[in-house]
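K.L.:
Kindly generate the complete structure, drawing on both the sequences and the hints.
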Amino acid sequence: MPSTIITTATKRMRDLFVIFLSMLSACSFLKKEEPVSRELETERKVIRQLEEKFGFINVDEKVHDYSYYLDSAGFVEYIRIIDKNLEELPQEIFQLKRLTSIGLFSENITDIPKDLDKIESLEKINLLKMPIRRVSNLKLPDKLKFINFTECPLEEFPKLYKENDSIPYDLIISDTKIDTIPDFVGEMNLSELDAEHCPLTYVSPNLGDCENITQLNFEGIKNLKLPDELRKLKKVEDLNLKWTALRKIPDFVWEMKNLDALYITSNLITEIPPEIGKLKKLKFLYAQGNYIATLPKEFAQIKGIELIHLEGNPIKTRSLPAELFFPRTTKEKPELLVNVPGRYDCFSVPEEQVRQAFDVD
12 MPSTIITTAT KRMRDLFVIF LSMLSACSFL KKEEPVSREL ETERKVIRQL
62 EEKFGFINVD EKVHDYSYYL DSAGFVEYIR IIDKNLEELP QEIFQLKRLT
112 SIGLFSENIT DIPKDLDKIE SLEKINLLKM PIRRVSNLKL PDKLKFINFT
162 ECPLEEFPKL YKENDSIPYD LIISDTKIDT IPDFVGEMNL SELDAEHCPL
212 TYVSPNLGDC ENITQLNFEG IKNLKLPDEL RKLKKVEDLN LKWTALRKIP
262 DFVWEMKNLD ALYITSNLIT EIPPEIGKLK KLKFLYAQGN YIATLPKEFA
312 QIKGIELIHL EGNPIKTRSL PAELFFPRTT KEKPELLVNV PGRYDCFSVP
362 EEQVRQAFDV D
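Each residue of the sequence shown is one higher than the one before, starting from 12 at the first, in our numbering.
Note that these hints are calculated values from the structure, not bench results.
In this text, a Cβ means the ideal position worked out from N, Cα and C, and glycines have one as well.
Take these hints with a grain of salt, some might be off.
Label-pair restraints from in silico Cβ distances [said to hold, decoys possible]:
hint: 1; residue 1: Asp126; residue 2: Lys56; range: 18 to 26 Å
hint: 2; residue 1: Lys150; residue 2: Asp190; range: 19 to 27 Å
hint: 3; residue 1: Gly315; residue 2: Glu52; range: 50 to 58 Å
Derived DSBU-like pairs (lysine-lysine); straight-line CA-CA distance at most 30 Å [stated by the list, open to error]:
hint: 4; residue 1: Lys125; residue 2: Lys156
hint: 5; residue 1: Lys292; residue 2: Lys246
hint: 6; residue 1: Lys243; residue 2: Lys253
P.N.:
Right under this line is the structure:
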């Protein structure tokens with residue numbers, strides 16, 4: 012009998028303990044939820060202020076020059092402002108705690124707001140066509156992953172920094188007036204550098220120190236001598252050298268072992284050397300509008316190649332290596348990878364049609 016009483020008491024104590032833990036968990040949950048609710052209420056007040064003062068509209072309802080986009084929790088995620096007469100960024104924006112993206116255009120704002128780094132959640136800044144000529148010692152938010160100066164009249168390479176520079180970011184300076192990539196570029200943690208159509212005359216060898224770069228774009232920059240130190244950029248996956256008046260593919264390209272896509276369209280290139288076989292991860296080669304007459308057999312070493320564009324080249328079809336189309340193993344299905352001159356579509360075809368198209372016996 013006493014043992015029964017003890018067992019019953021033990022069960023009751025256990026049940027009470029479970030109830031206590033449940034209540035404790037609920038209280039903890041409420042404490043966590045309360046700040047979020049207050050934060051969301053503050054966010055809604057800021058949204059109302061932006062709507063009343065500037066006429067902001069939710070982009071889900073209508074695309075507008077003053078628009079915002081909400082995330083699934085109801086916080087502002089994206090702000091876009093297109094106003095030629097705007098003289099400064101609305102201060103209310105700095106109260107948006109989860110803002111990740113800003114798109115801004117104004118003919119009257121000639122300097123980037125110095126306190127943008129205070130928007131700690133900011134990951135993306137678009138400043139297209141803004142009348143900004145110089146950017147010096149601009150502190151970026153630590154989480155920033157992308158900043159775009161396309162068609163800004165920038166005359167100097169922007170000097171940017173983060174307090175905590177662990178997250179690399181894309182820098183877009185295409186169609187600006189920048190003519191020099193200076194030595195301090197090596198101190199920047201870049202993941203992409205897009206300098207398309209800039210009047211560049213000099214690229215610092217220190218660009219080779221930006222070890223996290225995965226994309227480089229120098230399209231449309233004529234007669235630019237790129238430093239051999241770019242061979243140190245082992246993570247580059249996408250390299251654009253279109254319309255650069257190249258007579259040969261730079262040697263540093265063959266050291267970019269992670270290269271996925273190579274763009275050398277509309278140059279003066281006469282050959283693709285055997286070193287192309289070193290690019291084991293290459294999938295796409297765009298070489299239209301050159302003076303290439305054949306391809307090296309080393310192309311067959313690139314097992315993952317998917318597409319080769321050669322329109323506008325004096326290709327001699329009989330000189331194309333059979334290894335490119337007919338792999339040694341039957342497991343690998345041959346594909347038509349090269350555009351027949353005069354044909355502008357690319358597609359896979361059976362082996363028999365490949366032989367016929369390229370006059371291979």
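K.L.:
Are any of the numbered hints broken by this structure? If so, which, sorted upward?
P.N.:
none
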